[in-house]
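**Student:** Here are the chains, one letter per residue:
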Amino acid sequence: MILTLASKSLMNRKGSVLLTTVAMAVSLFVLLAVDHIRQQTKNSFASTISGVDLIVGSRTSSINLLLYSVFRIGSPTANLSWSSYEHLTTHPKVAWAIPISLGDSHKGYRVMGTTSDFFSHFNYGKKHALTFSSGRAFKGAFGAVLGSEVANKLNYHVKKPIVLAHGIAATSFTQHEQHPFNVVGILEPTGTPVDQTIIVSLQGIEAMHQNWKTGTRLKSPLGTEHQVDMLTPESITAVMIGLSARMATFGVQRYIQEYKQEPLTAILPGVALSELWQIVGSVEGVLELISYLVLLASLLALSAMLLASIRERHHEIQLLRVIGAPSWYIFLIVELEALLIALLSSVISFGVLWALLTGFQSALAAEFGMQISGNLFSTNSLQIILLALIATAIAAAIPSIMAFRSANFIIK
Amino acid sequence: MAILINQLEFHYSESPNQQVINIPHWDLSDNEQVFIHGPSGCGKTTFLNLISGILPITSGSIEMFGYSLQNMKGRQLDKHRANHIGCVFQNFNLIPYLSPIENIKLASEFSTHKTNHATITELLSKLQLEKKNWNKPTHQLSMGQKQRVAIARALINQPKLIIADEPTSSLDENNRDAFITLLMQQVSDLNCALIFISHDMSLSGHFSRIESFKDINQIMASL
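Line by line, the protein sequences are chains A and B.
1 is the number of the first residue of the first sequence in the working numbering; add one for each residue after it.
1001 is the number of the first residue of the second sequence in the working numbering; add one for each residue after it.
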């Protein structure tokens, strides 16, 4: 009966109730959206790389190494020598080691030189291997594999010849036009920086840079295709390592850090990712704080609306008291009305957010490479709703106590 | 004895020097119906609020059906009011956005006396409210219809006392006569006590006991 009373009383004040509900739904929408996207970014961030046990580069900070080797952001302070790489591969616990070499670009997209082993060992997300939407991995020196975004934005297809630029700026004055590459494969979208990368062979990179010294071109060109395949670089940017036993991770890490011939850094990608997230995540923390403040504002508006209604409902409260309603019953009605509004707002915001996420999921993935799932039913969202309901009950305590008091001191 | 009042004095806490009620003695037997008249602003509503336990008794005593109201706590008074007293007012007897059935059901919520749907509809038909109006919000009903629902609401918990405070003031003559006939009939069916307050002396013919509030409340004499 009290539920009928509360809901019909709300229906009786449609106008103000509707506006309050919308205000609260908007604030809950913002809160849920920010939190959901935050969770999703965090997840997709953490799933940028998997299956790789260690990343090795020259001596630098772990975040810097992670940034340039995985996210292709910034530049390495120094390279590590090929001999160190070869030495690492001989360690008994190392199952595989993939060298990567960065420093060139194509129309703003970074080029990464590696071996074809990269495609079989590099994983992202929950151990998803890279898959090709068309073509295959490169075999020769001048094959290039494109990340999905590169292929999409530049509208490239398999067999398209491309010329790489020296350096990483979007417009470069020095092009490696003597050594064009052919697109041999295009990868499926991954939601990771791989989508924005052009992957070529180390030999190809090396061939481009033959006869280059200190960033300028000397005159004579390369040898034959066969000669190119035999090229080995003097130095590379980083090495991704898979171990035969995960238990050995820390042992191998220490072994690399203490390597005498060259100062090296070895990082655990997962650990470095969470360190990096602590920096990036704080921005989203601020966003979340703002959305909580918006919720607070809407709760105060709700409270004000109810407070104003108490005066209008003086007769009603009086009547309820006369027919034997205890004062706490009056208190409860106002609380219940507030909670009904909050519940309705939650459902609306949840529904709208779900509809938007589902509707724009593919657009988000295509435009921003963001893999946002439409599944809102996480414990986090439910916690937020629960929190909002509790906050509503607290905010509604003010008008409820007003009603309670007016129920106690009535009638003259 | 339905009501026994002794040395009842009352003033509002805001104005401690202005005594509103001073009743040395007043009583009402079970099944007795009394017509009380008097000008407005002489403390009649305060008197009714004291009897129904809405206002706390600060001095003196009211015994009602053997219960001492001055010794009861707020919660007990609420329960006592729901169980034993039915009220009909001049205006605002009903929650406007609830239907007659819901209004009556709401009143039965707070009483120990359990009521089912059939009892409510039976009562509404007995009080000549057409079935089509049973589920309409009461603000859509005419004044006469509202007052009939108000009687039903007052009767639903089978109270031992009915308090009617100027219940006919907003009714036209036809409705007023129908109302008083219906009320008196229900009261005699239920065999309960009735305090009927009105300034309309033409209604006093329905009562055997007629009192002026001035005679009950001594405060007026001393002023």
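Be a bit skeptical, because a hint or two may be false.
[Stated by the list, open to error] Short, incomplete list of chain B residues facing chain A, as computed with Cβ under 8 Å:
| # | residue |
| --- | --- |
| 1 | D1027 |
| 2 | I1054 |
| 3 | K1073 |
| 4 | R1075 |
| 5 | K1079 |
| 6 | A1082 |
| 7 | I1095 |
| 8 | Y1097 |
| 9 | I1101 |
| 10 | K1105 |
| 11 | L1106 |
| 12 | A1107 |
| 13 | W1134 |
| 14 | F1213 |
Worth flagging that the hints you see were computed from the coordinates, not collected in a lab.
Backbone N, C-alpha and C fix where the C-beta goes; we use that ideal spot for every residue, glycine too.
**Student:** With chain A as the partner, please determine if B/L1106 meets the hint condition of a C-beta pair closer than 8 Å.
**Tutor:** Because about 6 Å separates B/L1106 from the closest Cβ in chain A, which is inside the 8 Å limit, the hint holds.
**Student:** Against chain A, with CB atoms and a cut of 8 Å, does the hint on B/K1073 hold up?
**Tutor:** 11 Å, violated
**Student:** Using 8 Å as the Cβ threshold, decide whether B/F1213 counts as touching chain A.
**Tutor:** 17 Å, violated
**Student:** With chain A as the partner, please determine if B/K1105 meets the hint condition of a C-beta pair closer than 8 Å.
**Tutor:** Check passed: Cβ of B/K1105 comes within 6 Å of chain A, closer than 8 Å.
**Student:** Can we keep the B/W1134 interface hint, with Cβ of chain A closer than 8 Å?
**Tutor:** Interface hint status for B/W1134: violated (15 Å vs cutoff 8 Å).
**Student:** Please check whether B/I1095 passes as an interface residue: C-beta within 8 Å of a C-beta belonging to chain A.
**Tutor:** 6 Å, holds
**Student:** Given B/K1079 as an interface hint, is the shortest Cβ-Cβ distance to chain A below 8 Å?
**Tutor:** Holds: closest Cβ of chain A sits about 7 Å from B/K1079, inside 8 Å.
**Student:** Go through the hint on B/R1075 and say holds or violated, using the shortest Cβ distance to chain A against 8 Å.
**Tutor:** Status holds, d = 6 Å.
**Student:** Is the hint on B/A1107 kept, meaning its closest Cβ partner in chain A is under 8 Å away?
**Tutor:** Holds, because the Cβ-Cβ distance from B/A1107 to chain A comes to roughly 5 Å (cut-off 8 Å).
**Student:** Next item in the hint list is B/A1082. Is there a CB on chain A closer than 8 Å to its CB?
**Tutor:** This hint holds: B/A1082 lies near chain A, its Cβ roughly 3 Å from the closest one there, short of 8 Å.
**Student:** Hint check: is the beta carbon of B/Y1097 less than 8 Å from a beta carbon of chain A?
**Tutor:** At 4 Å from the nearest chain A Cβ, B/Y1097 passes the 8 Å test, so the hint holds.
**Student:** Holds or violated: is the Cβ of B/I1101 closer than 8 Å to a Cβ in chain A?
**Tutor:** Result: violated, 11 Å to nearest chain A Cβ.
Hints 1, 3, 9, 13 and 14 from the earlier list are contradicted by this structure; the remaining hints agree with it.
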